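Those protein sequences? They're chains A and B, same order as listed.
Each residue of the first sequence is one higher than the last, beginning at 1 in our numbering.
Each residue of the second sequence is one higher than the last, beginning at 1 in our numbering.
Source of the hints: derived by calculation from the structure; they are not laboratory data.
Values in this document were obtained by computation on a predicted structure and should not be read as measured data.
In this text, a Cβ means the ideal position worked out from N, Cα and C, and glycines have one as well.
Take the hints with a grain of salt, since some may be wrong.
Calculated from the model, a selection of chain A residues having no Cβ within reach of chain B, i.e. all distances over 12 angstroms [claimed, not checked]:
no.: 1; residue: Thr51
no.: 2; residue: Val56
no.: 3; residue: Asp97
no.: 4; residue: Ile128
no.: 5; residue: Leu145
no.: 6; residue: Asp154
no.: 7; residue: Arg155
A short, non-exhaustive set of chain A residues, derived as facing chain B with CB atoms under 10 angstroms [claimed, not checked]:
no.: 8; residue: Thr16
no.: 9; residue: Ser148
no.: 10; residue: Arg158
Computed spacing ranges between beta-carbons, pair by pair [stated by the list, open to error]:
no.: 11; chain 1: B; residue 1: Asp5; chain 2: A; residue 2: Arg155; range: 39 to 47 angstroms
no.: 12; chain 1: B; residue 1: Lys25; chain 2: A; residue 2: Pro100; range: 35 to 43 angstroms
no.: 13; chain 1: A; residue 1: Asp89; chain 2: B; residue 2: Lys25; range: 55 to 63 angstroms
no.: 14; chain 1: B; residue 1: Val26; chain 2: A; residue 2: Pro100; range: 35 to 43 angstroms
no.: 15; chain 1: B; residue 1: Ala213; chain 2: A; residue 2: Glu60; range: 37 to 45 angstroms
no.: 16; chain 1: A; residue 1: Glu60; chain 2: B; residue 2: Lys25; range: 25 to 33 angstroms
no.: 17; chain 1: B; residue 1: Val26; chain 2: A; residue 2: Lys30; range: 49 to 57 angstroms
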Amino acid sequence: MRELLYRLKDRYHFGTPTFQRDDLCFVTVKRSELRAILTELRDVEGFTHLTLLTAVDWIEEQQFQLTYMINNREANLTLALRVMLDREDATGDTIHDLWPTAATYQRELREMFGINFPGSPRVDEEFILEGWTDLPPYRRDFDTLAYSQQTYHDRPGRETHDPKTHMQKVLYADYPKGAK
Amino acid sequence: MEDVDDKFLKKNKEVPLREELRPRKVTTPDGQEIEIEPLRDYFCEAQPKVHPKAYSKIVEDFYNWARSNSLWILGFGTGCGAIEMRPLMTPRFDAYRYGIQWRPTPRQANLLVISGYLSVKTLKRAIRAYEQMPQPKYVMGLGSCTINGGMYWDSYNTIKRLDDYLPVDLYIAGCMPRPEALLHGFMELKQIIRKGEAEGANKYAENFAQYKANQKAVIKDWDMPDYNW
Chain A
1 MRELLYRLKD RYHFGTPTFQ RDDLCFVTVK RSELRAILTE LRDVEGFTHL
51 TLLTAVDWIE EQQFQLTYMI NNREANLTLA LRVMLDREDA TGDTIHDLWP
101 TAATYQRELR EMFGINFPGS PRVDEEFILE GWTDLPPYRR DFDTLAYSQQ
151 TYHDRPGRET HDPKTHMQKV LYADYPKGAK
Chain B
1 MEDVDDKFLK KNKEVPLREE LRPRKVTTPD GQEIEIEPLR DYFCEAQPKV
51 HPKAYSKIVE DFYNWARSNS LWILGFGTGC GAIEMRPLMT PRFDAYRYGI
101 QWRPTPRQAN LLVISGYLSV KTLKRAIRAY EQMPQPKYVM GLGSCTINGG
151 MYWDSYNTIK RLDDYLPVDL YIAGCMPRPE ALLHGFMELK QIIRKGEAEG
201 ANKYAENFAQ YKANQKAVIK DWDMPDYNW
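Looking at chain A on its own, in the form it has when it is part of the complex (with noise of 0.2 angstroms):
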């Protein structure tokens, strides 16, 4: 695996490798050379499997991570690459002609983060939400308790108790000194 990033590294841009394991790296690439590296990795490195296609919401920093996770069977080997987005008015590169999988997580993604991966197939319909007209509910600004509680009625009698604070009241009641 190393040895494939060495190799890789002259021609492309790469971020610092993060090991998991040994057959495990994750590492950031530019956005523009993506698919560049995606169709050689495929086709001249053995990657031939889409594992998984997915994001993450960094609100802090106003952007989402797209992370391609692909696998080397032969050589039992995943490497998964990151692609950093803007946030605001988010769109990514559509990757359905090299893995058509790839196609099925895009609309996932463009339901429940709301990422655009135009030219997709059927990235526009609904994938698994019937009539939803809200924040992507991925997405870390949508709180879903908040909307929970305001769609859904909730029985009366239920309570519930912060872990923190109850059992510090069972085990410890008379801390911090005086408390009781």
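Starting from the known structure of chain A, fit chain B onto it as the hints suggest.
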């Protein structure tokens, strides 16, 4: 609640009716122009009626005894409770000895078991299935998800109280209830029916407007008639 964002407000936008369901003018193959309204043309508009009781109490009691011995369940599994129902069909638990069996279509069933959490999308199908069942019919809610939301208490797409949307005759608590608990629940339901207290379907007919309002408040793309005969 500590974690709630006070400033978050959900948007209440209307979802437009799907194009193929809108009333419009079409041209028939022989050149005639007709107006169609798909949601009204193909469905009966009558509202559900209260099922009348028999003329004397002893006859009604006899009916109820007979009903309680024929609980036919619609094989419609939602959530994880559908898995707990499967062992009941095996020789180990053998629910069939109590006159309980599973049917593939709502037209042949009189008991709807909501076996776990209902997402809004599934709720629409559950309502359709329930309304197509012939009266007298009963609803059982399984597990804490149907009672107060259970572990989906903060989910954006899962209802919390089943009895807002369907008339529930009996709840079985647990997460999930074991097949033994289900069997016990069936026995309880039989007693409720024999006492003549399983009036869920009549409650649904009486409070029809209220139930519909609750259902339409969460199911935004309502693409079916108000009552599915």
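These are the hints, each one checked on the structure:
Against the 12 angstroms criterion, A:Thr51 stays outside the reach of chain B, whose nearest CB is about 26 angstroms from its own CB. No Cβ of chain B comes within 12 angstroms of the Cβ of A:Val56; the nearest lies about 19 angstroms off, and the non-interface call holds. For A:Asp97, the non-interface assignment is confirmed: its Cβ lies about 30 angstroms from the closest Cβ of chain B, beyond the 12 angstroms cut-off. Residue-level check failed: A:Ile128 sits 8 angstroms from the nearest beta carbon of chain B, not beyond 12 angstroms.
A cut-off of 12 angstroms between C-beta atoms contradicts the statement that A:Leu145 is not in contact with chain B; the least separation is 4 angstroms. For A:Asp154, the non-interface assignment is contradicted: its Cβ lies about 6 angstroms from the closest Cβ of chain B, within the 12 angstroms cut-off. Distance to chain B contradicts A:Arg155 as a non-interface residue, since its nearest Cβ pair spans about 4 angstroms, not more than 12 angstroms. Using the Cβ-Cβ criterion of 10 angstroms, the hint placing A:Thr16 at the interface with chain B is not satisfied: the shortest such distance is roughly 34 angstroms.
The beta carbon of A:Ser148 comes within 5 angstroms of a beta carbon in chain B, closer than 10 angstroms, and the hint placing it at the interface holds. Here the hint on A:Arg158 is kept, as its CB sits about 5 angstroms from the closest CB of chain B, short of 10 angstroms. The beta-carbon spacing between B:Asp5 and A:Arg155, approximately 23 angstroms, falls outside the hinted interval of 39 to 47 angstroms. Checked against the given bound of 35 to 43 angstroms, the beta carbons of B:Lys25 and A:Pro100, roughly 40 angstroms apart, stay inside it.
Separation of A:Asp89 from B:Lys25 is about 39 angstroms and departs from the stated range, judged on CB atoms against 55 to 63 angstroms. For B:Val26 paired with A:Pro100, a C-beta distance near 37 angstroms keeps the hint of 35 to 43 angstroms intact. Judged by the Cβ atoms, the range 37 to 45 angstroms given for B:Ala213 and A:Glu60 holds: they are separated by roughly 41 angstroms. Range check, A:Glu60 to B:Lys25: Cβ separation about 54 angstroms, and the 25 to 33 angstroms hint is violated.
In this structure, B:Val26 and A:Lys30 meet the distance hint of 49 to 57 angstroms, their C-beta atoms being roughly 53 angstroms apart.
Against the hints set out earlier in the document, violations occur for numbers 4, 5, 6, 7, 8, 11, 13, 16.
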